[in-house]
Amino acid sequence: MPSRLMFNRDACLDLERSLRREWLETNGLGGYATSTSILCHNRKYHSLLCSAVPGLAGRYNLLSKIEFSLINDNREFHLSTNKYPGVFFPTGHKYLVEARFDSHPQWVYQVGDMLWRYEIVMIDGSPSTLMKWTYESGSRPMTLQLRPLLAFRGMHELTKANHDAQVHTHFHKPGWSFSLYSGFPHLFLTSSRKADFHPGPYWNRDLEYIKERSRGYPYQEDLFCPGILETKLKPGQSIFLCASLEAGQNKLQPLWDNEVNRRADQTDILEARSSCFIIQNPKGYRSILAGYPWFDEWGRDALIALPGLTSVVGRHDDAEAILDTYANGRVDGLIPNTLAFGKGESATNSVDASLWFSWALSHCRHWSDQPSRFDRFVSVLDELIACFRSQKGSVSVEENGLVWAGDRTTNLTWMDANVEGIPVTPRYGYAVELNALWIHTLWLRQQLSRRKSSAITRLLKQAQDSFAKLFWNAELGCLYDTLDESGADPAIRPNQLVATSLPSSPLSQTQCQSILKVVTHHLVTPFGLRTLSPQDPRYAASYEGDQTRRDRAYHQGTVWPWLSGIYVDSVLRNSIDKEAAKKRLSKQLSALWTDHLYDGGLGTISEVFSGDLPHMFEGCFAQAWSVAEVIRIRKMLSEEREP
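If you read the sequence shown in our numbering, its first letter stands for residue 1085, the second for the next number, and so on.
Think of the hints as simulated: they come from the structure by calculation, not from any bench.
Glycine included, each C-beta is placed from N, C-alpha and C at the ideal position.
It is possible that part of the hints are untrue.
Here are the simulated DSS-like pairs of lysine-lysine, each with C-alpha atoms no more than 27 Å apart in a straight line [to be verified]: (1) K1257 x K1318; (2) K1278 x K1257; (3) K1662 x K1719.
Cβ pair distances, simulated, as ranges [to be verified]: (4) R1088 x H1247: 45 to 51 Å; (5) R1289 x H1254: 48 to 54 Å; (6) G1300 x N1246: 23 to 29 Å.
Could you build all of it, start to finish, from the sequences and the hints given here?
Rendered as structure tokens:
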């Protein structure tokens, strides 16, 4: 993997940038470990073990971190770094000489003539984080002290010192376990070598998470330390420590070797990180997690991300299994917009999740080694079409063949932010991308079925004709974003690209080229597409501040990397000189898969960027559809393959 994922002493001492860089380890079950590049937590989501917990909904931060220090001749060197009110303490990052994040995170500390290496991996398929400390070189034995800091709380929450915590430590051979509160399972800590545990429970108070403060959330937390683990190491020796919800993880060296070897052939950083989002959810189904650290399973996100995370990189079985998960989760014919992670019910609070299913299906067929394996999903399209035509609930197919969805109080498209229950970007009535996807669904149904439906053929033709007539904005040379009973919305948004990117488009090539000219001028940035033209009075230049400010900017100018995928589709489909177009697109968008991979979520791609320069990255630091669509873009630009 690229050496740019290695940072030297100077880079580690630059707190402004090192605290922006975040690493991620995942276990294929939705669990994760993550922190900043210098191991100073600045989010409530940072954790050494965040996992689903049997019997409970959601995911839980169980082990926040492990503080570690070196002791010899009554001198103690603290190698951890924390933020407290007004101060960083301790400042262990000043001992860092290297931090690298290629196959897995590792840090090298120099204390005098001593070199120590600390490494972390999560075990695939297990709620377990495995850590390794190695005394690489030095002149004398040293004592390594480890202080586990426990959270035992929902990942969106914070905890404070309280009298309910159960401070008792349970001893097992060869380790210990803790369960702070009733209803939680035990967290097992297992050591690979003899280590003494010295009970001494206390609350480590007032840790500060500065990223939460900047986002307008509570940002101070107390973490519980049950005591100190202590072992002596000589130069050349290592110790493994496993934190797990599973008892009996005691063969730690083979466990480590198997996990590290599993990653040995991962040479492309972005494709390697793409597997982080593909999970087996708590109900045992193959699925996609929308983003780390805080998103769960979202139907819309999963279906847009599906081709790039699976079929494009050769994971065809995963593609089929995930389509099955969402198809089998239909509620009254509709694809759920959210799957309940663990307990709870799925929700169908959207229109477009169902329509993105046909988009994902067609792209998976396009990239598959056996396209016919996906043809069986035609029955899902039949049920979806019937559901839309039944005119039940908030969606209906009108006499002109187009889909009308919602009212002024609803937000049923992907631009779904609301403040105090009021949609920030109201897009009801005829929405441009919903109808482009509706037309594509009708078209794809006919392509996949051996028995063509004359009724669907007529409906398709009617919808295409109506779309071309209603949505074309001759004054601007592009498409209206929505039409409702009060008229047409001429806002220049990226949603219209769905209509120019698909083989079912009802538009002429001349119209598509005109749309692309407008979109390129107003919306394209090096990191994706703005959600609104800067010339619009509603445009929000930056995505920052508290929840309300961010929600007001979320789809009002904020840049989304995933939109680059349909932009590239559109350009390549409608360009006469495709090779020249590929060179131009690579120049326009390459910052997404070059510089950004090393200055945010390391090796991955953020959820959003601010609309104005310098296009600061924000939101989730690892977003599934961002990663997926950039992978698909790179394949389209490097291979002889039409979109």
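Verification of the hints:
1. Between K1257 and K1318 the alpha-carbon distance is near 23 Å, which keeps this suggested pair within the 27 Å criterion.
2. Simply put, K1278 and K1257 have alpha-carbon atoms about 10 Å apart, close enough for the 27 Å limit, and the pair holds.
3. The hinted pair formed by K1662 and K1719 meets the criterion: a straight-line CA distance of about 14 Å does not exceed 27 Å.
4. Here the CB-CB span from R1088 to H1247 is close to 49 Å, well matched to the stated 45 to 51 Å.
5. Checked against the hint of 48 to 54 Å, the pair R1289 and H1254 fails, with Cβ atoms roughly 25 Å apart.
6. Between G1300 and N1246 the CB atoms are about 25 Å apart, so this pair conforms to the stated range of 23 to 29 Å.
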